Amino acid sequence: MKKISFKLNGETRFLHVEPNETLLDVLRDRMGVKSPKCGCDNGDCGACTVMLDGKTVRSCLIFAIEVDGHEISTLENISKNGLSPLQKAFLEKNVFQCGYCAPGMILSATELITNNPHPSEHEIKEALAGNLCRCTGYTPVIEAILELTKKD
Amino acid sequence: MKAYKYIGQSVVKVDGKEKVSGAALYTDDLEFGPDLLYAEVVEGPHAHAIINSIDTSEALKVPEVLAVVTGKDFPFNFGLYMKDRFIFAQDRVRFYGEQIAAVVARTPQAAKKGAQLVKVNYTPLPKILNPLDSIKEGAELLHPELKNYEHVPWFFPKADTNIAHHRKIRKGDADKGFEEADYVLEDTYEVPRYSHCAIEFHAAVAKYDHSGRLTVWASSQSPHTQRNLFAQALAPLGIRHNDVRVIAPHVGGGFGSKAGVTMEIIAAAIAMKVQGHPVKVMWNREREFYNTYQRLGVVAKLKIGVKKDGKITALKHDLFWDAGAYVEYAANVVNAVGLSAIGPYNVENASIDSYCIYTNLPPGGPYRGFGYSEFLFGLESHMNRIAAHLGIDPIEIRRRNIIKEGDLTAYGAHMNPNGLLQAIDKVAEEIKWNEKLKSNDPDIALGKGFSLFWKAPAMPPNASSSCFLKFNEDASINLLVSGMDLGQGFLTVMAQIAAEILSVPTSKIRTENPDTDRNPYEWQTVASHITWGCGNAVRKAAIDARDQIFSLVSRTKYLPVDTLYLEDEKVKCTTHPKFALALKDFIINGIQMEDGTFKGGPVIGRGVFMPEYSSTNANPETSQGGHPNVHYTVGAAAAILEIDIQTGKMKVQKVVEAVDAGKALNPSLVKGQIVGGILQGISTVLYEEMKFDHRGKLLNPNFTDYKIPTALDIPGEIVPIIVEVPQPDGPFGARGVGEHTMIPIAPMIANAIDDALGVRIKTMPITAEKVCLEILKKGK
Ligand code: FES
Ligand code: FES
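Taken in order, these protein sequences are the chains called A and B. Position 21, counted from 1, in the first sequence is what my numbering calls 4; the numbers after and before it change by one each time, with no gaps. Basically my numbering = 1-based index in the second sequence + 2.
Isolated chain B (complex conformation) (with noise of 0.2 Å):
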């Protein structure tokens, strides 16, 4: 294998230091100057309701309120894959703490006074708050206009209906699986909502200058899809995307929440209407919480037939997506379950629906792990009881059915190389599997527990990256791509790469998070795909900077170009040990011939990569005959629980966790990815829950009452491998790793606490209360 002197390396991060020296300057850390003005939301007390009238005239009498505005300034509608969603609630809200009007001041404290004195008229309707009841007879409709909207071809809306897209997948026979099959089992699984709690609030400012221009300064995982949207949202105020530019400032976090658009159009749509003024539109924890997206509820129901090796003959799945008042975003989540909700395995025959469902809670969205943590739980739990009915070891199951390479997926694609069985193993040995444990305290019962992991991209199949590389003149590099560095460490491995080609130090390339008027298009930095798009794209500007340097080189020096190689940046040739040119001496102002005349010029590199081979063409009725998912990053992980009998309380000891990251660029950032997706996992399934009232309001909006882990709740022992069978159209074999650590966890741990108690615990979250709950009633 050849050796490289940056790929594969521990390299320190580009932003690094700009982090831990407190210089990291964050999208409300940005100083706009004394004629910033400040903008409050006022929302909605309904979870659903008509609303007669808006009164905003006690409201602009208010002393340096400068406006208000309402749903009847911005009639459009936008949405990424979908458009049913509003910049302000039109004719009725759909959720409770809807934003439908804004106060527009001076200050904060004038905007919110401002706000107190809107006054808005309303006829609630019959509410809604689970997607079963969405979908039964004569459910109140939520989007009588769902018809009409806008949508990516590969949804389904059933009309007159609270389905939103219905993704349904028929492989081979099912009923003849279930048929053949010597054991069924048929359960149903529930997973709440959840929300990302980045650390850093949403926050935008957007300026709409005296010439037409509009600039975003937004926290945003996506720019240019930003971009996009308001573009398209606001052309009817005469706005083309080329007058608009969104700046992206560092990230505190994102887990999907900043993905999309959701609050940033607020202050784009504002500035609009306040000419000249720039103006901040800011969330705060308890509007994070309700008023972004958040993570989709589901009802899983899950019937697997095996013969009695183990073998599953047939696999039905049917979810039922809680995906909240609007699922412009949501819906992809829902279609990406649907196509791969039959998890790693080779499954002949297969049934799966996965129903998108209006409910009257706020809008579902991207979440680390896009809807497969939600249906693994589910999944994975069941194989463990299926193994534990015929008495073959959980581990042993999932070897007899996992999907490798070749195999079919759900759509009828061939699943790409992948290294499954070598992250199992990795993981049971480390996890010491066939070793029985043993509590010395008859308090506390220990457990051990598996699950496997698979995940996909879910992308448009012309998501596509792209990469300017620009030469400075001591051969220094600035690297422009608009991927976003969240804290993942996006910009460094992409800076990895160029060095790798160009034999430029990492420490010598500039990259940094994009302005989209500068840096070239990138769709968006979610589903765990920009290491291995945008690193395409990154690859190809090196290359094509290389072929310049090397085409330079021959035609000055009279060398072949296939003799030519780079090394410490100087352009070196295989039959003329001596020859060595220093990037710097020409990079930008060329070779100087004997004539006196100069050749060449500033290098810049150009990539763009696109995968051209995906397709969302199948067969609605079926799903057959598309390639809708680019590849699967596959892995297991294993876990150590101690439960306290007495109490329920759960504390896990060790997680042992393999990904197979095909390569990874910088082994310390896939580890962190790891660490950090264990921990959050753990937190989904041990402490955190969104708890609704019966109107619909979110009770717990804020750290006090919606818990998140601290330094003291981390696993004692934690064990990161990595597994590397390249991806063959990854940069140097990469593929993404960032969403997948955490989505095998909350089964791993349901397994876990089956194994140590007996009891099977269905629903999420897994609360101490829960599992004491549990050993009551088994003591009974």
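Okay, chain A solo, but in the shape it has when bound (with noise of 0.2 Å):
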């Protein structure tokens, strides 16, 4: 056991974890943080998709030790204002069907567009190609990421 320190979602958390422990299961077995999904557990599917120093990582791969010190983002942190204007346009649009990639996808996005304000097609895909999703073809993920971030 090693007593690590990390932000999560903004607040500064102390705790022990073993040295085996991955960050998906310490953040949702060990600290209430449901958005992040398993899919895999083995770095394929994305769906377990968190923000470490504002970067997107598959928590799934990553040790829980490893993050001591640093800073966690979920989805529950963008959501806590409210929606942003990217969860807002994938909600108008009815983008997501069952929504278990839907975390994932949207930190993946939210990543794309805080670099790159007006992502070409072919940015979007390749900022999405690491997050799977079996239901909606991304075909509607794509449209609506295009459609919000167009050049007026």
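Simulated from the structure, these hints should not be mistaken for laboratory data. Heads up, a few of these hints could be off.
Stated by the list, open to error - Pair ranges (Cβ atoms, derived): (1) A/A112 x B/K699: 27 to 37 Å; (2) A/K38 x B/D57: 45 to 55 Å; (3) A/E126 x B/D476: 33 to 43 Å; (4) A/E126 x B/D57: 30 to 40 Å; (5) B/T765 x A/E126: 28 to 38 Å.
To be verified - Facing chain A, a subset of chain B residues (Cβ under 7 Å, in silico): (6) Q11; (7) A26; (8) A183; (9) R287; (10) P669; (11) L701; (12) P703; (13) F705; (14) K709.
Note that the structure is predicted; figures quoted are calculated from it, not measured. Note that CB positions come from ideal geometry on N, CA and C, so glycine has one too.
Hints given; two lone chains; assemble the complex.
Below is the structure:
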């Protein structure tokens, strides 16, 4: 057991973790943060995406001890001030179906448009390529981002 | 046409905000407190073996292990259509990875450690990994008990064989039809198994409390069917239906995998042995691949005879299904295909034999399309080949043969009203069917492909839906139904139906996934029947509530019922323009009369729907005489495909698909089904493949080795088209579309490859490698 502390969605948290506990398990099972999902536990699906110091990572591939002293944010963090324009665009266009991929997909898309406010279609596809979705066929997600970010 | 306010509008999904905000909770997100136990399943490492003994003593010594359960604890079989399945293997295992025991512990780690210490002694038996081997003379019998299994009356198992069901169609005189033909084409098509790949795993938590109440939280398409099967299977332990409560949180994708009962019953059964504790059974990605339902594989032998003008004179379709180790659900896939493998064509002479065959592979089961994708691959490939032989345009040959309203289906019932011709026209126009494609790059070949599709809901004739509609003081509504929102938007559409009838906006209607204790009965959310079936129940419940409202207003305000109507949450009157009584002023507390008394009270609507005309009574030798399918949804699809001649790599430039929704209650949701279904279809034909080794072990149970498409793999352009020829008994004319959208994709792609290269590929998937080899072969 090692004592670590990190900022989670703006709040500094302290806890003891085993060296082999993944960040995903710690967030979900020990800290009650449920938006990151498990879809493979193997780095393939992106459902577990969270932001580490502002960059998206797969929390199933990271050990909790590695985030000691860092900053983690999840979809809960974005939602706590009401929906972002991106979330609103996804909502209004009925983009998601089962919604299981949505937390990861929204974080990947948020990262993209933060760094690149007017992405091309191909840039959007590349940014989302690590997030598997079995329901939507991706097209509605891509179209909503394109429409939101197009230059007037 | 009447203008609707909510029907036909792309209303925002009622659960949309939960899903984009991260608030939506799925089964594994629920908290069960510090007393939660974890179960780890022990699996058999043989595709077929006798279990001689199971030694659990070492496992029980592991600290924090509370119990080990095996098949001996639950000597009961279960199943939706045929009771051939076991909670844990009994005397033998029949597929690689079958569950034979479970270790229950305080922590997942202890449970895993215990599971590794369970010692099982096996005697391997000959295994059968192919349906054609399974029906050979003298093949090892996988279910010697087959003749004793309970099953629905429309199944016909063959005792002392591996054929669990045989659906047989004999319409007209096929032999005579082939004699009259000018051209007969006969060939075999093969479709392998596929995995649903919902991104959420199966998960179930069950608790049998000290009062004898069994509650199960499960990621499920079928809460009431699960309650029913749990209660039936666990009846020997004293469980009754009203002891069982199934609670269904959000579901992270189903596609058929979470229909009926699979691993959930393991949680329910284990809970009975650790009374008082909640116990969790969690699948992982690997198990998700090899121990849930898989889509059945099939070998389809197809023979079609035609006249010179392309008119079909006879069709013979023999389908040999690899249904797996247990077929309690899969046998109905085989049945549904038997009834419909004639395709959307008007064929006078047809002979169909659809065989449900046991193999030592994981249990087959429902998968989006329910067998129709599989048989259409051959049928729609065949239609193109016949057209080419006769020199007729592939769309034209279909136009000459398509089934029209009133024509007879394979089993002799009349075809429902439909927009197949419209769908063909619209797709042909959008894809510019008559314009030749020209590639400017000598390394790129271009081809156009086309396919029709049809599908009926496959369900028992008495599959019912029901609804309670409760008003609240402010005239907001709680709509209680038990269909599942799997992402298709079912709950939203139900809210729209109630909104339209009661003039209450959808934003004031709360409707959620069910709890079987609180919500009324629904068979299950499969077969693309839920909008139609449950939609009718909601419609009836809303009309029931409206009738109560009008009757109350009529007797208290002395206005004739037939002058009353609802608008903007008020009761209004056609003869008194000034009269407007807000629902919120009386919907719970009634209307006060001059003498101070109140009339009325809480308005609660009730609606039940069962398709009372549906029947499975038919002659088993011909299938003539019943009405097993309530109706068909039809449509057409076409694509432009580009192929790199050097590598065989393919890219879909454009796909157009038209589906006859009857009435698109929410067009954005219908389009969502079309776009999502197209990609799932493309994925099965171009990318996915389950690979089993000689032991029957799945070699690629993960997303690294079993590829599903990413955002980079989508078609260049998708054009969804909605056709609306109303279904007379559908709510506002609607019929289902969810599964249909993926089923024309595989033959459409195969036809496009043929168009581009002149090669016909008859086995799925059609990988780049396969195409490349065909190009090389052709070059020689
Ligand atoms: S769960 Fe982490 S990538 Fe799939
Ligand atoms: S919406 Fe279901 S996985 Fe993306």
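Item to check | Hints not upheld, ascending by number | outcome: 4, 6, 8, 10, 11, 12 and 14
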